[in-house]
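Undergrad: Could you put the whole structure together from the sequences, leaning on the hints where they help?
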Amino acid sequence: MSGLLNRNNMQSIKSIVLVGLLCFATWVQAAADLDVATPAVSALKNSMQARHAQLAAHYASGAVGLTKDGLIALRDASAVPLKDRQGINALVAAENNDRVALYKEIAAGNGHPEWRGEIQNTFAGRWIDKAQAGWYYESGSAWVKK
Amino acid sequence: MKKAVIALVVTIGLSACVTINIYFPAAAAEKAADKIIDDVWRLQDAAPAPKKEEAAK
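These protein sequence lines are chains A and B, in that order. Heads up: the first sequence is residues 1 to 146, going by our numbering. Heads up: the second sequence is residues 1001 to 1057, going by our numbering.
Think of the hints as simulated: they come from the structure by calculation, not from any bench. Careful: at least some of the hints might be erroneous.
[Stated by the list, open to error] Taking lysine-lysine and the BS3-like style, the derived pairs with C-alpha atoms no more than 30 Å apart in a straight line are:
1. A:K145 - B:K1031
2. B:K1002 - A:K146
3. A:K146 - A:K130
4. A:K146 - B:K1031
5. A:K14 - A:K83
6. B:K1035 - A:K130
7. B:K1035 - A:K45
8. A:K130 - A:K104
9. B:K1031 - A:K45
10. A:K45 - A:K68
11. B:K1035 - A:K68
12. A:K83 - A:K146
13. B:K1035 - A:K145
14. A:K14 - B:K1003
15. A:K104 - B:K1035
16. A:K146 - A:K45
17. A:K104 - B:K1031
18. A:K68 - B:K1031
19. A:K83 - A:K68
20. B:K1002 - A:K14
21. A:K130 - A:K68
22. B:K1031 - A:K130
Only a predicted model underlies this, so the values are computations on that prediction, with no experimental measurement involved.
TA: Here is the structure:
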């Protein structure tokens, strides 16, 4: 058996292993972190942070819920105070625009626009995990109170 | 014959590398998501959520 591994074969194996190690090193480096400090991402984050002051009450009342695809939706318009009724749809739409843009910018900012869907899925799970007790989130086709 | 086998192995190996390289970094994405969500919802200022690492100890 060892007779089969002559000098030429050993060298080929060595170079294959070397190429493999190089690829692995590149992969490890690429997978280490995602950059979320790009100007576009920071701007979106600030805009969402400011909007959260208005949205927090609607999450708590159950008027707005977290969807399973990483966005938000109006789930119970009757829970919205009269003074806010007119603006609620625009508020939800603005938040969703920012969220979609955020997922896109993180993917693009890290050189992989095709990661957008996976980033959105990751966020979807994390928004729900971090939601406060009493907030609603979408599970399957139903709303669940956390 | 042997050369053909080696060429095949190298081709497969290289294509595997390319596949690995475009793998989605799930752990890094979760970390990034947590960072942004904490900021947007201001979770660090209010009640900090119990950390997973501490629970694992």
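Undergrad: Output the numbers, in ascending order, of every earlier hint that fails for this structure.
TA: 2 and 5
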